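One line per chain: the protein sequences are A and B, in this order.
Quick note on numbering: the first sequence equals residues 1 to 236 in UniProt numbering.
Quick note on numbering: the second sequence equals residues 1 to 345 in UniProt numbering.
In case anyone wonders, no lab produced these hints; they're calculated from the structure.
Any given hint might turn out to be false.
Claimed, not checked - Straight line, CA to CA, 30 Å or less: simulated BS3-like cross-link-like pairs of lysine-lysine:
#1 B:171 x A:227
#2 B:204 x B:168
#3 B:234 x A:228
Treat the numbers as computed from the prediction; the structure is a model and nothing was measured.
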Amino acid sequence: MRGILAIETATDACSVALCRGGEVLERHEVTPRQHSQRLFSMLAELLPDGRLAEHGIEAIAYGSGPGSFTGLRVAASAVQGLAYAACLPAVPVSTLACQVATALREGLVTDGQRVASLIDARINEVYCALFQVESGQLVQCGPAQACPPSALVLPDAMPPVVAVGSGAAYLDKAPAAFRAKLEHIDTTLLPRARDLLPLAERALAAGQVQDAMQVRPVYVRDEINWKKIPQQGKQR
Amino acid sequence: MLVLGLETSCDETGVALFDSERGLLADALYSQVDIHVEYGGVVPELASRDHVRKTLPMVEEVLRSAGVAGADLDGVAYTAGPGLVGALMVGATLARALAWGWGVPALGVHHMEGHLLAPMLEDERPEFPFVALLVSGGHTQLVRVDGIGRYRLLGESLDDAAGEAFDKTAKLLGLPYPGGPHIARLAAEGDPARFDFPRPMVGKPGLDFSFSGLKTYALNTVEDCRAAGGPSEKDCRDIARAFEDAVVDTLVIKCRRALRQEGLKTLVIAGGVSANRNLRASLTEALARERARVFYPAPRFCTDNGAMIAFAGAQRLAAGQRDDADTAVRPRWPMEELPPLEGAA
């Protein structure tokens, strides 16, 4: 495997991993709301100095989202800075895909299965994308979306599905037709940075890289519901 | 000491490069006002999202214009607080990542210390000790300054900050956000004799402020004008004048009182409201009578900016201060908790 540093901070987990000379090192902590505080200590445990290129790092992968807005910005800002300072490319990877890769490595899903990857989106919504595992590779079926659990749908012809992630905790509110397709639910799974590494390696090989300036969170929920002045009611 | 400074505590993105020998080498400032204006105030989530887009390109612009490479720096300073937590986190994380990647130290700087030291970016610099009036949309404080990090709070607003009162009164008059400059523009043509607004807390001893009552007084005056078929454009100009005069008078009275109480002859004024011309003129005149001097930052460094953070950071980095591995941003951060710096600046 190529030398890649990976950062995943979209959920309650602050997770960093490093692949160097075929060896994978990881620091993974469940530290809600403390990602920006912990991130640099964890990075320093993997690489005592920040000289990425000298340590054979060729690219910096990050979980681009969706997930906690603040968490996404911690990863994006860190990757912007590291990629810019070290003149390295960045590789964005969907956090929902990373989560499925974690589930696959941990044996929660197996080859040939369908997976609904779900993350708590707050305000009674979930982020969701469907994946199929084919020969150890993840194939995403359709775009990631943010919706209330009651709006989740699966095609009638789809075989049974495994649901993973913090958003799966809300599946009791999903439509009966959706729930009928679920063969297993794991609500505790959190995406781990080490599982970004193989996904990033493939993306890197396919040239799917970004310049530091292009690094952005993928919020999925882009319509912001604050009221503009005309909607704020009486002004005086 | 060559230091890059990043400021992202609210709705302005500021990046600057300061050198202890050569002074300010480059600075860039971007205001998000156009994003927030339709909401009538700063929307924190939108502010954070915009900082993620703007900050790194501005870092590159500043380094390029000064012909400096990141690894040549002696450190990266950033605003660690006080401010909006999400917005602070963007600048803090980017700054720390850049510093780590370049192999140089990072240091979180106190936003208000940045404002307080901004007049030292000018050729004519104040000397310690002095009294500082920090006056912005988020703060109204009088501070005794005996050196960098040697601060004693003398008084502060018990409710709205002066800039906040400007913004809220502007909204009452149907003026866009941020209201300070709009009020000042109207006030310049207003009749100072028509309305007489109170000067809050000047009759009481002490150096605290209160501006929320002034805003209510403005509201009642607008209502009176409405009952009479207004408020007309002239009504608005006259109200703006009366309001601005009341704020300025109050600030001048308290500054004079603070200087007398502390036995000092130097006043430094910083923060967004310090750009107000009426305030500058009134303070200069009032303090000349006291044979005291007043120092201001250049108008472009009155509002939030990267230069003041680079400057404050350079002083502290030069003294060997730097972030711990686990440093966190501090949305609330009393300035008196800052460590003193002996013999600097």
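Hints versus structure:
1. B:171 x A:227: 16 Å, holds
2. B:204 x B:168: 25 Å, holds
3. B:234 x A:228: It holds: about 28 Å lies between the C-alpha atoms, which stays within 30 Å.
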